[in-house]
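Starting from two chains that each stand alone, build the complex the way the hints lay out.
One line per chain: the protein sequences are E and Y, in this order.
Its first residue numbered 0, the first sequence is counted upward by one per residue in numbering that gives the first Met the number 0.
Its first residue numbered 0, the second sequence is counted upward by one per residue in numbering that gives the first Met the number 0.
The hints are simulated quantities; they were obtained by calculation from the structure and are not laboratory data.
The C-beta atom is built at its ideal place from N, Cα and C for all residues, glycine as well.
There's no promise every hint is true.
In silico DSSO-like pairs for lysine-lysine, Cα to Cα no more than 27 Å straight-line [stated by the list, open to error]: (1) E:329 to Y:290; (2) E:285 to E:19; (3) Y:290 to Y:199; (4) Y:199 to Y:252; (5) E:267 to Y:40; (6) E:267 to E:285.
Derived list of chain Y stretches under chain E, where covered just means 3 residues or more per stretch with a C-beta under 8 Å from a C-beta of chain E [stated by the list, open to error]: (7) 33-39; (8) 58-66.
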Amino acid sequence: MTIATSKAEAGRDIGTEKDKWLRAYRQMVSIRLFEEQVNEVYTRALMPGLAHLYSGEEAVAVGICEALRVDDYITSTHRGHGHCLAKGASPDRMFAELLGKEAGYCRGKGGSMHIADPATGNLGANAIVGGSVGIATGAAFAAKTLGTDRVAACFFGEGALGQGSLYEVMNLAQLWKLPVIYVCENNQYNEYTHFQETTAGTILGRATAFGIEAARVDGQDVRSVNEVATRLISRARTGGGPAFLQCDTYRYSGHHVGDINREYYRSKQEEHLWKTDRDPILVLTKWLIDQSYADASALDRITSEVRTIMESAVKFAIAAPYPNVEEVEKHVYA
Amino acid sequence: MPERELTFAQAVREALAEEMRRDSRVCIIGEDVAEAGTPFKVLSGLVEEFGAKRVVDTPISEAGFTGVAVGAAMTGLRPVVDIMFGDFITLTMDQMVNQAAKAHYMSGGHWKVPMVMRTTLGATRRSAAQHSQSLHAWFSHVPGLKVVLPSTPYDAKGLLKAAIRDENPVVFFEDKMMYKLKGPVPEDDYTIPLGVADVKRAGDDITLVATSSMVQVALGAAILLEKEGISAEVVDPRTTWPLDEKTLIESAKKTSRVIVLDEGYGRYGVTAELAAVIAEGAFYDLDAPVKRMGAMHVPIPFSPPLEDATVPTEQTVFDAARSMCKPA
Ligand SMILES: Cc1ncc(C[n+]2csc(CCOP(=O)(O)OP(=O)(O)O)c2C)c(N)n1
Ligand SMILES: [Mg+2]
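Only chain Y is shown next, with the shape it has when bound in the complex (with noise of 0.2 Å):
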């Protein structure tokens, strides 16, 4: 029998549908999240089968319902909060920073905040400087915050399923340009644990890091290379917190060139990061220094052809990668 296929929404929904059967303190609070199932339509149906108690729509407060979802979260729900555009998430921030990455250890560990926060990010849908942010560097940075990227439909129903039953505040980043992507997704219920890299495509000469909205771009780039005669490997973290060091080194020590790419800024952002990592932990195998590449150091355009050109496409790709194994 052919594999099941769902959209990366679908698989967000399914995931969100069976651990609210599972766990009756699983509940979903956000904007229009009930019979308009947010503007993506992720959330449709949900309602119809769960009920306003527990889909709850609210008002246009980020800063408050994140607030009630840490309290809640800490007295007996596993709420799932919605944040719309992920350039929203600057609202949340003090209740995400001070109040719900720090419950636990302030407390010695007497309060536990396990609540998820599902956002967006990703440029490249003409919305402008405040739509089109990926800010998960900012989550990334924060210790006692847990931060998921997923990056195919199979992915993102496993890893928020774990999101769900992590006993942290885990933020859950969704680009919103994948919602459409469709790929295979079981039907069973599984999960994928936070931390653990995935190798998207084995390959020997060049290793391509690529977190959320860059690993198709990255898969993609691949394929051009591999018509050049250079055969590239994809790693996706899957989180960038906690991070699986492991994988990454690994992988760079075998191919011994690193391009590491994610949407966000470059600048004090998850490309260092991850960078650094590799760098620590592959130095004496690498054959050249890690490259990074991410989002344009400016607020993202509305104009289409200023907006293209602020992202790492197939071509940017593979244009720096041929350059790093076959230097001119």
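Same shape as in the complex, but just chain E (with noise of 0.2 Å):
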């Protein structure tokens, strides 16, 4: 079950404006509809651990995957659904994931935050913060090496400025002029901290301190972020060195599902504004409907058929077996 016709079948070519912003509508989505399973299957006390919900940064995982080729690599974070959906992973696998069922990415045993599909292109996603910009600058090495034309796009919080990990791969992606494009998506917070109480100076000039091409972008606008990740990536391919993409983005729900009471570290009411005002859905709904691309009630459609394929996901995982026991001793070495 895929969400969306592949990239690799459509071709980065063909198909029009219309239909690559349709399909960058259902991709959104699909997203959005995805995390509201979770929310709800977590709430029924169905998925073990800890859930990061990845709604309202949409436009984000998506304006940066559409302009990535099948085979180019992504690394995630903990809050990592958005992009392996958006990298093309199926909803079905990935419910079996965070319910620790076999049928799941990783057989059940990496669960919400460390999902990994090799087929697209998807290096894991990862719980420790900061802990894949060394992975995705070492998939650019390996790229530039071996002579393939393949980027790696780092996807990391602005939490992950803190690391000092960050700084040092920076330094040899320009250095060795890697094709890595560092995606921070600033959603303003770190964990229950704003992030300007824990970033000194500007975050792109993080970069340009090392002579990396370096961008910010409305991470609400996901045809803002693909035309500038299109640009950044293609320059990345073609030997240009690593680039690093700020987008300014906000998480609707709590850090976790179970971060409910939010009110001492961000108001209802700055939520209530980027929900309305901001809603990278709601930004790309009004755009094709004013372009006359598609009409209410053919989103609608996209919405309940994405919904459907959401639907029969959640079953297909409650309803999948867990790995057996002896599972457990596998895969500790290759």
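Rendered as structure tokens:
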């Protein structure tokens, strides 16, 4: 089950402008509705562990991944469902992973924070903040060394700007002109603390200090994200070196599903503003309608198709069996 | 009057609050330690009492703020660093192992590093491979560091106060599954010296040496064993370093059979060390080889049935103890 015509099948250049943005719409709705189901399943106590929802940040993952090829790499974070879906993962196997089932992407061994999928270039979500900056940079190093023209996109939250290893690898990437894009998803908060309380100076200044090409975009506008990403990715692919992309965005829910009383660190009014004025799906909806690419009923149809897919993905996952206990000792070594 | 009960988390918080009231040099440094009171809510209320100058929120920079704590400890403060998940100690390793642990020795005794690192251990919280490890063996390996593993609210308060008053870097591991465990905790100012084991239950037939999360498991197994007519003694070393070798060896000599339980990996780990200490000290009094039980040698899997298989349980400890005492 795939949620959209995969980019590999479609090919990069086929498809009109209209098709491209309708596909982006579908992808963003997929992420939103996937996370709605996660919230539901979690609240019904069917999902073990923690769930960090991506709702509100859809335009970042989709804007970037729509500019990548299926054989390009990504690394993801604890808030990774959106990245995995946008890169082409299928919701049924993702849900199975979230519930620890054998049919999951990692045979249930990884869970929500560790989804990995070689078929879509997903090197893995990572539960260590900043934990994948080396991996993404390493994938770019291998691409350059092996002479493939693959690019690696490294997703991380602005909280990862606190990790020193990020600065070590950015220095290496620029020295060696590696095809890696550092995608900083600034959703304003590191857990329960506003990023301005943890971040001195500017975000882009960190990249420009190394001479890395840096840009800042409205992360709620998938077209802006995609436009800048397309330029930076093709620059990286053709030997132009790394880039750093700051995407300003917002997470709609708590840091994780259990983070319900949030008023000690952010106001309901702030949440409301982002959800109404800057919602990435509403922003694209308006544009699609203004362009006469779709009307409301066509978009509703997409939404209800996606909803059906998500509901059956959940059903599939709930019915799927757990791995055999013997599986526990498998895969420690290759 | 019945004894006052506190949860493990409340006991930790009370120890910190009392030490901060007693000594203005004690401060807390870590991620979301202030208003949020950490994700486990262990520190709730402290910033309200002591202010943001002494309960300091940091960026997500474990190596950086641990290094700051080392330097601050050398120059007049007594920092208590908070590392949210024990898995993240890997990020602090150079600061702890090459700096904190060695500053006193390398300087010929000039500098001291009176700091505490509080962190967590323990699996079965469905947190997967990067949030479930018990890595206390890593620090136990290094001369210059002390390592504390409280197993009850009472011990948590007394040991943490002793750790804060210690002149050395001390790493304090809290079992995150135990935060809600309740137990008697006196309101007084008491400390428990580092390096003194505690016999949590007396017995004659077998000794279960257990640390941290495994103490409750051992006590549960002891109750099952009693029903089979086997009397188990449960000994909690409470600190892996300094180590109360004498109490372990005496118990082993008394019962002649020993199982060592620890939630870390057995390979080159805490159980290996404790078993070796016992084997060396009580060899001629033992009726069976010392048995070790710990986490299975795998990264901790997410899937519940797999994760549950990775740690010793009351039942598996009971089975192992019974077959040692009553060979089939
Ligand atoms: C090295 C490390 N330190 C701390 C944590 C605990 N933690 C998990 S998510 C998080 C906040 C991350 O903020 P950010 O990078 O902005 O990502 P967001 O959650 O906002 O998507 C923290 C502190 C961790 N997982 N890894
Ligand atoms: Mg953030």
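Taking the hints in turn, this is what the structure says about them:
1. E:329 to Y:290: holds, 25 Å
2. E:285 to E:19: holds, 16 Å
3. Y:290 to Y:199: holds, 19 Å
4. Y:199 to Y:252: holds, 17 Å
5. E:267 to Y:40: With a Cα-Cα distance of about 22 Å, the restraint between residue 267 (chain E) and residue 40 (chain Y) holds, given a limit of 27 Å.
6. E:267 to E:285: holds, 25 Å
7. 33-39: Per the Cβ count (3), the hint holds.
8. 58-66: n = 5 at 8 Å, threshold three: holds.
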